[in-house]
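Protein chains in written order, with our numbering: chain A, -18 to 295; chain B, 123 to 421; chain C, 168 to 724.
Derived by calculation from the structure, the hints in this document are not laboratory data.
Accuracy of the hints is not assured; some may be wrong.
Unchecked claim - In silico DSS-like cross-links for lysine-lysine, where the CA-CA straight-line distance does not exceed 27 Å:
#1 K95(A) with K310(C)
#2 K124(B) with K313(B)
#3 K412(B) with K374(B)
#4 K262(B) with K407(B)
#5 K161(A) with K285(C)
#6 K412(B) with K395(B)
#7 K278(A) with K175(B)
#8 K269(A) with K407(B)
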Amino acid sequence: MEQTLRVKRFDPENPGSAGYQEYTVEVTDTTTVLDALLTVREEMDGSLAMRCSCRASICGSCAMRVDGQAKLVCKTRLNSVSPDGATITIDPAGNMPVIKDLVVEFKPFWDKMKAVKPYLQPEGVIPDAEYLVSDEDMVHLVGVVNCIQCGACVSDCTVLEVDPNFLGPAALAKAYRFVKDPRDGHQKDRLGALNESSGVWDCTRCMQCVEVCPKDVNPMGRIMAMRDMTMESGFNNTAGSRHTESFAKSVKKNGRLDETKLAVDSMGMFNIPAMLDSAPVGIRAMMKGKFPWKAHKSSEPEKVKRVFEKIEGE
Amino acid sequence: MKYAFYPGCVARGGTPELLVSANAVMDRLGIEREEIVSAACTGAGVLQERNQKLGDALNVRTFALAERMGVPIMTICSTCQGVMSQANRRVLRDPEYLAEINEVLAEEGLEYKGTTVIKHLLWVLVEEIGIEELQKTFTKELSGLSFAPFYGCYIVRPSDALGFDEHPERETSLETLIESTGAVAVENSGKTQCCGLPILLINQSNAIQMVSNHTGEAKDLGADAMVTPCPLCHLNLDGYQPKAAKRRPSGKIDLPILHLPQMLGLAMGMQPKELGLQRHIISTKDVIAKAAAAPMAVS
Amino acid sequence: MYQHDVLIIGAGLAGLRASVEAARMGVDAAVISKVHPIRSHSNAAQGGINAPMTDRGDEWEGHALDTIKGSDYLADQDAVELMSREAGDAIIELEHMGVIFSRNENGQLGTRRFGGQKVARTFYVGAITGSAMLQVLYEQAVKLDVNVYEEWFVSHLIIEDGVCHGVMAMNIHTGELHMIRAKAVIMATGGAGRVFEPSTNALICTGEGLGLAYRAGVPLMDMEMIQYHPTTLAGSGILLSEAARGEGAYLLNAEGDRFMKTYAPDYLELASRDVVSRSEQTEINEGRGIDGNIHLDLRHLGRTFIEERLGYLQEVALEFVGIDLAESPIPIRPGMHYIMGGIKTDVNGATEVPGLYAAGETANVSVHGGNRLGANSLLDTVVFGRRSAIAAAEYAKSAERHSADEAMLNAEQQRYQALLDRPADLRAGAVRRDMGESMVAGVGVFRDQDSIDAATARMKELRTVFPRVAVDNKGKVFNTDLMSVIELDYMLDVAQAICAGANARKESRGAHFRTDMPNRDDKNWLKHTLVYKDGEGSRVETSDVTITNWTPVERVY
């Protein structure tokens, strides 16, 4: 059967010609998006630029947007994207400048990786033989080391869309890999650095990275785990950590969230500039009757409190 | 059919108009429900980042309460829906983990047996009540109006926790409801993106930019309003729109943000006050007027 | 002009290991790679890396013997000895660098069994050992601030008066051609799987390193030794690791029989790869296959085990074939995977051309001889990557540095332009596919004079047709079209060398199995074949195999 691909073309030597080009190829039930693109490149139009190599979802070269969502095209079957055979649109990965057609500039990606010191930093005496560590610890890291640095998460990250300075899900997941390696001797320093701006607290928890990751690395989950670890390590002076603490306190006390208190606590009670800045919003809300003056409670808040105590005590 | 109603914290707190309009619409549809008054906040993902087990325990407690009531849970907040769906999936996949949590809940005589179903009003309308029945309650046909759908991250990701395999119609449920009123659903690139609320209190600049991008785009595409099933999104898209507007060269956006029940209420011919439409930061006057001028629905 | 003391072509495991060693020595070294280092094909190695650990009572002689026997006695025993002796340290070093090897209950490095070995001495990370190692070596290169020419395509090796003095390469991003002068060059460009179709290899495995060296007058040794891996997916050729069998998976024919008991009663599914592939192919040829495949059965290993230890296999099975390994066996067949043959080097990576070194799959020391044991390639790359860097650095200390040569650069420029100017006619992809299918048919698991002759003839025909291969893309930026033509040029040479080797060796040994000469002939053929480029064709010489402690005997599994 036939499948039409609508591919975004861009030639830096002829920028005016940018636009979509359609190609129709013969496919079967098992044909992948990459198979189809290779057919285009090898049999129809050799000028199509794209990165691809292993065809077996291990090299990470071929992440691109298929119908608007980042995917590793070597493992994406055409019929999973378009069961009815409708035209499929292929764009280069997002949030990275386009070099040509489907090839994007990965330098910012690699630079951010380098920024998290992505190598083991052991401390103390190096043993003659191997470090003794548990299999459990190593197996836990396999989940993160499964990351093939394909860039799908970075492509679709909603924070990177508005803030290119954000470290991003891939670099943060890589940071987690070292924070959780028992052989690394710099956990606190690493967490301290990640606690800074553009680090773990800038993630908006939108789950795009979780959704698009072809390797189930769960970058957002790792970022959340590191938020917890930064707080445990004593880094408690960020808006993010205050926000989380306030949220927890409020639910523990009332069973429900006290939004007003949350806003104030997160900014910091004595953070005059922030308070002043937020005043117009607060005033408007008050005038529209949206300002919850008194925190509302669930009907049996003491039962909720007990759950907190039981589990936090573990 | 009865439901264990879970309005969530913000529906009652920062966006009280949601609870008001949801109740009005559900009454009109004859949806029988009883609130799970003892239920705690879902944690909204914030509690989970501090202690996932704690968040899961609070949600499993809610599931157990609903189980005791013998009915499914209905939410009116994308975030509540998503957090609960994820928690449910975690405990159903790991019986040992569920047993640990049940041990904690045993103290108040609760035990979750794993049967609770959690559905947002959005899904209930499309899947259980059905568009035809819904349309019977409409007195207006909102043709001539266009609404931009904005789902809210938690009700679209991760897709395998939200039952999209069994219910593929969920992916376009908001558009389905918009179109059921006679209005046009405006395709916009921010539809399943993030509103920015989770980082509002942490990196306000980024959060504002997200609001500016999504509401600005929808406005440019000619939408009369944006419709969202998530009050947290509403807080940001509505409450911080004035600030977001400053990010645009024109300095203006002025896109009213409607809660899902408010849109339905307009199609049902309800009065603005019944739907809490006076409580928005961004004025809803224009869209109310347009809806009022819309033709009567043809049965 | 760019210049370095040591230039390493290829940023896979061998190349990066060499670069790390060079950096540690404070040598002015750089790596040049046509893809980002992380994308190198080393990342596709799955099962593990061998090492005899003497502190666990596993003497190095055991590994050496297994390797030599596995090679069907074609490996040079002094080289194997060296590799076996250095293996233990190599593993510990990798672990210290940060590789997340699996552990036993005492927290020490854990092992699994692998083909051709009775002792479990394969260290691993799930089923992603290559990727895990490559990531760590890249991390070390980042830490040591190694200079990488990322996405640069080497198209010419500079040999002046019989000495290597650098390369000419295209910056793929700009299309500009540059000369990079180097006192020593280490060729670490991996294999040439794309000469065959299908193959487990990535699209980038086009062997131009072998082609460049071949044209520079360096002999390619034992090129007829092509490894067909027993467990690859039909059609795509995607690899399923030997680790599955190492952990206990079965090979079953259409009758549900564990047929390996007939062919290798002792080692069964863990006989050497050439033996297993031939056994499978025999079953298929004699009508006991399942649609031309054999079944690999992992069900009895259990879901949890599969997901934890062989996760990547499950991913491949589900995504590419829609099979759940915990529920169903998966159809596989032998597929082209590795070239034991390669650039002839000594144990320090030195070739016959001063200034030119080679390491990894590109090289042939020879440690793998007629058949490579699984998990020995990863070992080969780090041991010889390191050794070649030391040797190259030492050589560079007293080597000459040549200066820029505009005329030479212009000539290469014109060569590129001539390719760009060819009128539209044939496409590289079609010719490559033709070559690939002919090579699998002619130099396959089983071969004979007729099949070898057919492949040889076809390669000759394709060579005459090559001038008609043109490009669509006349641009400068990211012109992979142009690269594919240059790659094809070198691939045709490599294919011709393979056919020459296969034709020359008049016996069966290791992976080179001739149905018309099925026996091993130690009397006449305990030798390496050496193919030298000679005009459009080649000439074949031979050299003796170095025997130290292990007398060649009949190889039985």
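Distance restraint between K262(B) and K407(B), which requires alpha-carbon spacing of 27 Å or less: OK: K262(B) and K407(B) at ~17 Å, within 27 Å.
Restraint status (C-alpha distance of K161(A) to K285(C) at most 27 Å): Judged against 27 Å, a Cα distance of about 35 Å means the pair is violated.
Pair hint outcome, K269(A) versus K407(B) [Cα-Cα no greater than 27 Å]: holds, 14 Å
Pair hint outcome, K95(A) versus K310(C) [Cα-Cα no greater than 27 Å]: At roughly 9 Å apart (the allowed maximum being 27 Å), K310(C) and K95(A) satisfy the hint.
Given hint K395(B) paired with K412(B) - CA-CA distance at most 27 Å: holds, 16 Å
Hint consistency between K278(A) and K175(B) [alpha-carbon to alpha-carbon, up to 27 Å]: With a Cα-Cα distance of about 22 Å, the restraint between K278(A) and K175(B) holds, given a limit of 27 Å.
Agreement of K412(B) and K374(B) with the hint, judged by alpha carbon distance not exceeding 27 Å: Answer holds: K412(B) to K374(B) is near 20 Å, not above 27 Å.
Hint consistency between K124(B) and K313(B) [alpha-carbon to alpha-carbon, up to 27 Å]: violated, 31 Å
Checked against the numbered hints given earlier, the structure breaks hints 2, 5 and satisfies all the rest.
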